[in-house]
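In order, the protein sequences belong to chains Y and L. Note that our numbering numbers the first sequence so that position 35 is 35, with each residue one more than the last. If you count the second sequence from 1, you need to add 1000 to reach our numbering.
No wet-lab data here; the hints were simulated from the structure. Any given hint might turn out to be false.
[Said to hold, decoys possible] Looking from chain L toward chain Y, a few residues come up when the C-beta cut is under 8 Å (computed):
hint : residue
1    : G1162
2    : D1164
3    : G1176
The structure presented is a predicted model; accordingly, all values stated were derived computationally and were not measured. For every residue, glycine included, the Cβ atom is placed at its ideal position computed from N, Cα and C.
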Amino acid sequence: MSARLALCDVHVRISSDDILAGVSLSLAAGEILALLGPSGSGKTTLVRVALGLVAPDRGSVLLDGERASGDGRILVAPEARGLAVVFQDLALWPHLTVEGNLRFGLRARGVPREESRARIAAILERVGLRALGRRHPGELSGGERQRVAIARALVLEPRAVLMDEPLANLDVTLKRELGDLFRDLLAERGTAALYVTHDPREALGLTRQWAILERGRIVQQGGIAELRARPGSAFVRALLDDLGA
Amino acid sequence: MGRSRVGPSRWEEPVAFGVAALALVVLVLPPFAAIAIELVETGLARALAPLASPGTWALFVRSAGLAVAVTLLATLIGVSLAFLLRRTDLVGRPAALLVHLFPLALPPFLLALGWFHAFGRRGALGSERGSAILFSDAGAAAVLALAFAPAITALTALALDGIDASIEEAALVVAGPWRVVFEILLPVAAPSIGFGALVVFSLAFSELGVPIFLRVSTYPAAVFARLGSMAYSPGEAFALALPLLGLGLALVAIERLVLGRRPPAVLGLQRARPAFALGRWRTPTSVLAWAFVLAATTPLVALFFRAVQARGWTTWIGASVGTSLLTASAAATLITALGIVLGHGLARRRYGSRALDALGVLAFVAPATAFGVGIIATWNHAATEAVYRSAAILVVATAGRYAVLGLRPVALAVHQSPPQLEEAAAVFGAGFFTRLARIVIPVHARAIAGTWLLAFVFCLRDLDLGVLFYPPGRETLPIRIFTLEANGPEPVVAALALVQVGITAAAVALGLALLRRRRSG
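With the hints as constraints, model all of the structure from the sequences given.
As structure tokens, then:
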């Protein structure tokens, strides 16, 4: 079976810098993969390439085996890829209510009104925000906004969800609580997810399958045990040391 | 922590803020208060008699209708062009934006004059029908909408630039580009568009030059007539100014209560993002947009062709250019100086700063005629004759009316920089004045220079206010052109109008060149 999302030898060059230099990565159905890397390693660019917001200069992006971007061109528009995203700053639309934020994507994808209403109610119930549907993002706490962002992504029943450091800047308790919620939601729905972070503990709370991105290259990918047995770089070793025994 | 004042010399900031606040209050409040005082002194029943006439209110409603039509048309033009010229891959976008924005820096009356030379009875493209349309309510609305649309374009473009890229990208992942534009980008930019519409409404309602030139009756023109024509009756002018003051207060309330509540998601410049591709529509849309932008410059071309026939026009110009440059420079400097201190206070939420901001907004959005009548009532006394009979009155009046143009941009710039920049300097022992001179002004030098340029251009183009009380022999160039228009030779008036265009273009070009140099330096 082909991967839900695959990047094959993707190169992105901005000015004279190789932001991504031959990245290959695949995400199977239902798989949760953590992408770890230091600041400036190209994590966010990789997410933007996968979403179709940036065209790779070389290489391809495949969705269920179908070529979506390739060699400088975007072949499938971002909105037609069936992907969802949670950005680091969440990017909730400030002028829409919580329900409005969830409804926007459903309407754009032509989901009938009744079904849309039912899906919104169900996901808000699940993330504990049923009573806050009429509020605007500015009226919510930090944790509530995180829940809206994940609900907005999952209500679309996407092919895969890409999460770009969504829990950065939160305190440890909230990070753990929301990490558990993300993991359970993804597992319940069998949604594939690429979870970008630079925090090994956060990654471990979600999945034991990791890919390490350094200077625009995947230096190692596999289960934690495999990484522990043969750390591919000093950065990987430092990450694992950070986790302790 | 917003109100904490850091630093060793704690008295410096309150004193500076207090002095600037007092200056703003002295510039703005007395003219409005004076209208009320004049009416009370005359005896309210007698003074307000002109307001009992149904004709007065019919004229008020007609003026409001004209201003609404101008606002709707300008908003349609401005929002469309802002999106096309700022966020799409239209051919030659930066140049088209510059050409489109420039007329905003000119007195609208000059543009009306140009349209007259193009489409008036004796115009190059003129006809009876064209002239009839131009000299009508619809003609006035079209001329004013084209003159003021760049204000909406500029504010919308800034708002679109300021929307966080991730807000746009999060939408593009789930919806097509047009849905993203209409359901995400424009609604998020709505507070800025709304503010632009409010500004255009107030400018259109205030406008004296265009309606008078095109023989369209408006309420402010009726007030103006009471101050210097056959209908001379200053007492009535005070009474008629009262509804204008009410309108100004209503506009401030709208700005505060409706627009001020929206989240400031549109502030600042975020990282660049790809333009929306027009695809196969790129060429036709580019041709149409450029045709529109160039068509809007028709009055300037028409003025040029009329002006080349002028002989001896320099003798007509008098001291007006010098007065214009001097008063506009002085007022812009005063506005910027007040803007630095009060704008900083507003950004850092100092006590009373929002009230001062509201006062500045009131002076800007209240029809110029109301503010001008108040200026006369305040300063036309023996004790203040030295100011009232000199060009200083033009500086005092324009500095008050346009003070908010200094306060708001500086506040926006300071708001976007972390307070820690100043707090760190304070920890090292820098007092408020040192922090202002060494941190705030250098860090925001471009914004402050841009603020001065904006204030200068608005003071330079002012006609509606200064024409009410300019001292004899001290008229600015727009006033000179306006007064000559009735009886002066047409080519000479066109030549003087071109001088105004030239001075404005030179100031804008010089300002932009300096601002660009600073950015690259």
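Consistency of the hints with the structure:
no.	hint	verdict
1	G1162	12 Å, violated
2	D1164	7 Å, holds
3	G1176	5 Å, holds
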